[in-house]
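Q: Dock chain B against chain A, hints included.
Below, each chain spelled out in residue letters.
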Amino acid sequence: NAGVTQTPKFQVLKTGQSMTLQCAQDMNHNSMYWYRQDPGMGLRLIYYSASEGTTDKGEVPNGYNVSRLNKREFSLRLESAAPSQTSVYFCASSDPFQPQHFGDGTRLSIL
Amino acid sequence: GDSVTQMEGPVTLSEEAFLTINCTYTATGYPSLFWYVQYPGEGLQLLLKATKADDKGSNKGFEATYRKETTSFHLEKGSVQVSDSAVYFCALSDQAGTALIFGKGTTLSVSS
Numbered sequence: 061n062a063g064v065t066q067t068p069k070f071q072v073l074k075t076g077q078s079m080t081l082q083c084a085q086d087m088n089h090n091s092m093y094w095y096r097q098d099p100g101m102g103l104r105l106i107y108y109s110a111s112e113g114t115t116d117k118g119e120v121p122n123g124y125n126v127s128r129l130n131k132r133e134f135s136l137r138l139e140s141a142a143p144s145q146t147s148v149y150f151c152a153s154s155d156p157f158q159p160q161h162f163g164d165g166t167r168l169s170i171l
Numbered sequence: 305g306d307s308v309t310q311m312e313g314p315v316t317l318s319e320e321a322f323l324t325i326n327c328t329y330t331a332t333g334y335p336s337l338f339w340y341v342q343y344p345g346e347g348l349q350l351l352l353k354a355t356k357a358d359d360k361g362s363n364k365g366f367e368a369t370y371r372k373e374t375t376s377f378h379l380e381k382g383s384v385q386v387s388d389s390a391v392y393f394c395a396l397s398d399q400a401g402t403a404l405i406f407g408k409g410t411t412l413s414v415s416s
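Residue numbers (this note's numbering), protein chains in the order written: chain A, 61 to 171; chain B, 305 to 416.
Here chain A stands alone, though its shape is the one from the complex (with noise of 0.2 Å):
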């Protein structure tokens, strides 16, 4: 009964070195997003795929890329972090309307 798995679960980086985030659903569900958390601001979305082979731009989408390699995995890369990017990442899946599935999140330092 995995959900929503996100890897890794802790990460420090340098500036300027390059990482992807990796996640991966097992519910079948055609929605993924992921959102970043900071002190203070709540969760943003930073991409969403509403369908596998697309995706779209959310609210701080800027220093990210995302691809929705398949039906269950959409991943998150930075290619050249920044120290503003440190914070919580979290993936969910969810199906149009419905509630959406949160993974544990990853936690991520940019030095």
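You can trust all of the hints, since none of them are fake.
Cross-link-like lysine to aspartate or glutamate pairs, in silico, EDC-like; alpha carbons within 16 Å at most: (1) B:LYS408 - B:ASP306; (2) B:LYS372 - B:ASP359; (3) A:LYS69 - A:ASP164; (4) B:LYS408 - A:ASP98; (5) A:LYS69 - B:GLU346; (6) B:LYS372 - B:ASP358; (7) A:LYS117 - B:ASP398; (8) B:LYS364 - B:ASP388; (9) B:LYS408 - A:GLU119; (10) B:LYS356 - B:GLU367; (11) B:LYS360 - B:GLU380; (12) B:LYS356 - B:GLU373.
Pulled a few chain B residues facing chain A out of the computed Cβ check, cut under 10 Å: (13) PHE338; (14) GLY345; (15) LEU348; (16) GLN349; (17) LEU350; (18) ALA395; (19) SER397; (20) THR402; (21) ALA403; (22) LEU404; (23) ILE405; (24) PHE406; (25) GLY407; (26) GLY409.
Simulated from the structure, these hints should not be mistaken for lab results. Even glycine gets a Cβ: it sits at the ideal position worked out from N, Cα and C.
A: Same frame as chain A, now just chain B:
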């Protein structure tokens, strides 16, 4: 655009106290409304939801009623427990049902 405003925290209560966390929203159309809870070190879990006006969502003793006339979805619990200590997020679905818009979260701390 659509937005969610929830009361600032932290909220500190003694065990068995009554809890209210206020949430108001601005949206076009008729969004679905949600409360999510986040325990320390974990992801968000759906606590309850309501999909139309006057619906009451309930779960684990928590309740919230979708009030269209006041654009509100306040979270209540009659008697909180130490295990309810967490961060609570109010959220609404956008018109296309493609994303959630979250409030900033309210931290609840319950002491015995």
